[in-house]
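Undergrad: Based on these hints, arrange chain B on the given structure of chain A.
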Amino acid sequence: MATSLKQSSTLVIDDFQSMRAMLSSFLKAMGVAKIDNAATAKEALALLAAKKYDIVVCDYNLGQGQNGQQILEEAKYKNYIGYSTIWVMVTAEKTMDMFMGAAETRPDDYLLKPITEALLEARLSKLIEKKRSLQPIEDAVSAKDYIRAISLCDELLKTQSTSTQELQRIKSDQLMMIGDFPAALAYFESIQLIRSMPWAKTGLGKVYFMTREYAKAKAIFQEILEENKMYLEAADWLSRTLDALGELEQAQSVLTRAMTISPNAALRQKNLADLAYRNGAFDLAHTSYEKAIKLGEHSVHKSPSAYSGLARVLTAKNDPTEALRVLDRSRGEFKNDPDAALQTAVIEGMAYQKLGQREKARAALDLAEGLMAGQPGNVSTTVAMDMAAALFKIGDKDKACELLESVVKNNHENAGVIGMVGAVFDKAGLTEEGGELIKKSTAEVVGINNQGVVLANEGRFEEGIDLMRKALQVLPNNDLMIANLCGMLIGLMSRDGKDDHLLLEAREHLDRVRLLNPNNKKYNTYMNMLSKLASLPA
Amino acid sequence: MEQEYTEDINFSDFIASSTHDMKNSLNIQIGFLEELMGECRNKIDAAMLDRLGHTIYEAGRMNVNLIQILSLYKLGKSIYPIDIAEQSVRDVLEEVVLQNQSIMGYKGIEVAVACAENCYWYFDRDLISGVLINALNNAYNYTTDKIRIVANINAGMLELRVEDNGRGYPPGLLQANVDDSKGISFSTGSTGLGFYFSSKVAGMHRNGDKQGRLTIENGGTYGGGCFVLNLP
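So the sequence lines, in the order shown, correspond to chains A and B.
One gets my numbering by counting positions in the first sequence from 1 and adding 95 to each.
One gets my numbering by counting positions in the second sequence from 1 and adding 385 to each.
Just so you know, these hints were derived from the structure itself, not from any lab.
Label pairs and their computed distance ranges (CB to CB):
{"id": "1", "chain 1": "A", "residue 1": "324", "chain 2": "B", "residue 2": "436", "range": "44 to 50 Å"}
{"id": "2", "chain 1": "B", "residue 1": "443", "chain 2": "A", "residue 2": "291", "range": "37 to 43 Å"}
{"id": "3", "chain 1": "B", "residue 1": "400", "chain 2": "A", "residue 2": "510", "range": "53 to 59 Å"}
{"id": "4", "chain 1": "B", "residue 1": "398", "chain 2": "A", "residue 2": "324", "range": "14 to 20 Å"}
{"id": "5", "chain 1": "B", "residue 1": "398", "chain 2": "A", "residue 2": "342", "range": "32 to 38 Å"}
{"id": "6", "chain 1": "A", "residue 1": "395", "chain 2": "B", "residue 2": "406", "range": "27 to 33 Å"}
{"id": "7", "chain 1": "A", "residue 1": "237", "chain 2": "B", "residue 2": "430", "range": "54 to 60 Å"}
{"id": "8", "chain 1": "B", "residue 1": "588", "chain 2": "A", "residue 2": "128", "range": "43 to 49 Å"}
Taking lysine-lysine pairs in the DSSO-like style, the calculated list, with each CA pair at most 30 Å apart, reads:
{"id": "9", "chain 1": "B", "residue 1": "595", "chain 2": "A", "residue 2": "189"}
{"id": "10", "chain 1": "A", "residue 1": "146", "chain 2": "A", "residue 2": "208"}
{"id": "11", "chain 1": "A", "residue 1": "296", "chain 2": "B", "residue 2": "462"}
{"id": "12", "chain 1": "A", "residue 1": "101", "chain 2": "B", "residue 2": "428"}
{"id": "13", "chain 1": "B", "residue 1": "585", "chain 2": "A", "residue 2": "208"}
{"id": "14", "chain 1": "B", "residue 1": "462", "chain 2": "A", "residue 2": "386"}
{"id": "15", "chain 1": "A", "residue 1": "208", "chain 2": "B", "residue 2": "531"}
{"id": "16", "chain 1": "A", "residue 1": "189", "chain 2": "B", "residue 2": "459"}
{"id": "17", "chain 1": "A", "residue 1": "324", "chain 2": "B", "residue 2": "459"}
{"id": "18", "chain 1": "B", "residue 1": "462", "chain 2": "A", "residue 2": "208"}
{"id": "19", "chain 1": "B", "residue 1": "459", "chain 2": "A", "residue 2": "296"}
The beta-carbon is built from N, C-alpha and C at its ideal position, and this holds for glycine as well.
Extracted from the complex, chain A is given alone in its bound form (with noise of 0.2 Å):
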């Protein structure tokens, strides 16, 4: 990270000669040495790849192909640049997007033009400074040392040096991050005693849906939605409460009307798409999806499930043929991806299926069973469910057992996906064989962790946690037993003392709890645990 700003290697990005001139000379005015030139994107993710840049001034709008925001979310995706990076767009107008994303490919700051020497300057001094400030906390979560990151949230807040939002945003981050739902709710709710915010309302919003309150988290939204239209996260927030409480509909038409607002997000259209699907508005979700390919092109968000969410709905709508068409363009699209492969190959077999071609959905099924066993871990249950529904429907029904077997194993504690594997088997009628699976897979799962609880209170650690990683090679998704394996890897560093290669592997299962669920209930517990052990003396 640069000390200075005379000291940065810097980027300037825009499509404008005059601009490009422009921009460098204000910044050897500055006495910047190291400045470097981009007219596309294509030359700017060329030079972001080659070099570490302290600082990039990107104009947002550049014509053809790329926009600014998206160089930034693809550069940040390929960790060409990191926290460090400051990244200051240049825009004629601002737009909402540039500042309502993610918090992580938000850029540092944003220039209205025209913009003068003196006020890029002050802008720069001013945000080397800001990241100098918060780089402890940034080293903290990367770290995924979050409670750290909390405690230096806390103690920055007591100095009054920074911006306390800034610092706020980030703690209330961290807060949800380790899943201290209550800890965040009390937090978000003094912070809009003071002054009531949209992010912090929809804070509120998201603790509300994360334990569950869905009527009220729906509430929160619809009111943030109320006073503000433009504030689309709400709506996106709004659409998955009213999607979990089981309101299809409106939750669609809420994405729907976003869509009107800000026409270019890719991930929300695909996400209307999805639900288009879900309602059986073929003709909407077709088009949405059509949309959503064309708006992720130029993105890191270009996603082979639209692709395959098109195909899927195609079928549907009794167009096979065209289905496979859009197969192939995936196909092309994503070479080298085994996840894209093996969701084509599933839609494939549905739509040969449709087009009474049986050997080729044969074919199109034992590729994609190929592909599923290649990575177990990385198989979404979606795709899990497609496929049984697809072998099912070819008379294949022990290998369609099999798979729903495992997702019962994987999820055996998500009502949502045992009610989903129920429906399948209805839709097979087969509903009380069906039953049976889920009854008895859900024991052998239970069983296993009960030996490995006992394991773990006579002391015999090791052995548990040899019997939990090796069950975990085949049910790679449960979280209630990787989250069970770590409580192992604490116990056996609180006896024998701390070890970085546990207290990593630690790390990464808790994240994977974190992401399989949210709402795991030891999750917070071993965060705290694993937070204390990394800070003893070794």
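TA: Chain B only, in chain A's frame:
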């Protein structure tokens, strides 16, 4: 439930889209002009440099007006991306002064900022900067040679004052409420836009049951015109 969101194109949409276009062209012009001024600072005589400086000033004024028209259009349609967030008041004030420095220097006006280092407050940075730039532009026209921007927090409100040492506002303007459009006059060139924009922006800032407001008065430290913005 389903609402129609396709907007029919009307006159104000045309004005907005062409204002936007004009603003872009103007920004390119301003960029070129400033480049030109930097290049020829030591090559041309003072009178010519003066004229170039005045050209930039007028272009800047146009830009401010266009931004205000666009912002009002968006605020009216509730599509302005308003972002009320905590700001370092001193940073914002210093930036506003910086942006007008060359012009003030060109007319020999001294601009002072009186604001505590740790003064933070909540507002939309761009909108409030716009209001202050407009106030500075007014003060530029009315002052003799001094302008002062003062920030204070009292009773849960941030008070921002732009004071000058000119003759003060004429009585007619002081009596009129600043947010009605009595100031509009095509013959004198006083459009009333600045005041209208400023009081709209002030009113958009709310906290609980308190609302921002704009007032003008004569007096202050220099005994001239005072533009006073209060934000909750």
